[in-house]
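Chains A and B, in that order, are what the protein sequence lines are.
Position 25 (the first sequence) corresponds to 25 in my numbering; numbering is contiguous.
Position 71 (the second sequence) corresponds to 71 in my numbering; numbering is contiguous.
Think of the hints as simulated: they come from the structure by calculation, not from any bench.
Careful, some of the hints might be misleading.
Which copy? The list can't say, so a pair holds if one copy fits it or any two copies do.
[Said to hold, decoys possible] Keeping only pairs whose Cα atoms sit at most 25 Å apart, straight-line, the calculated DSS-like set for lysine-lysine is: (1) K22 <-> K79; (2) K50 <-> K22; (3) K10 <-> K22.
There are 2 protein chains.
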Amino acid sequence: MHILVAYDVKTETVEGRRRLRKVAQQCLNYGQRVQYSVFECQVNEMTLYKLQTALEAIVEPDEDSIRIYHVNPSKTWVKGIDRYVDFDEPLIF
Amino acid sequence: MHILVAYDVKTETVEGRRRLRKVAQQCLNYGQRVQYSVFECQVNEMTLYKLQTALEAIVEPDEDSIRIYHVNPSKTWVKGIDRYVDFDEPLIF
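If we strip away everything but chain A, and leave its shape as in the complex, we get:
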């Protein structure tokens, strides 16, 4: 299943940036960064639970906000800089 992780953190503080890096490390196990604090991941029930547990341990509940959405990837609309790499597409050299 395709999910989106959106993480709102105070990046003015060293602590906030450190937490964002840790969230990024967790999400990059399952997918890729598409914006500064937005990640698209491919998970199943088990890895979703693992990711949620790991993220919950990182996030500062009264300062940060983390949201996970189940998305329909075929309907995603993008304008401007697009960092998304579609690994399912054939690699052409």
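Since chain A is already given, all that's left is putting chain B on it; use the hints.
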């Protein structure tokens, strides 16, 4: 249909913050802000097209990134600060 708008902009510049405000104004016509640069909106085909057209006119394509996702709102997972107000829920005074 329930959509999520994620807007990645350079908020260090006055111009960037101005564009974020304009994007926020457009999105707030159809929904609410759930994170600093993430909005949840309720749209149909026509209002989605109107919103996309308006956002495209605001975004600086070689500096910003804007992504619209179709999401399943019943599966959203949230930890930390939750700004979302569910207008469908009964208001109890």
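Structure-based check of each hint:
1. In this assembly of identical chains, the alpha carbons of K22 and K79 lie at most 25 Å apart only when taken from different copies (16 Å versus 27 Å within one copy).
2. Taking the shortest alpha-carbon separations for K50 and K22, only the intra-copy value of 15 Å comes in at or below 25 Å, while the best inter-copy value is 37 Å.
3. Taking the shortest alpha-carbon separations for K10 and K22, both the intra-copy value of 14 Å and the inter-copy value of 22 Å come in at or below 25 Å.
Hint compliance for this structure: every hint is met.
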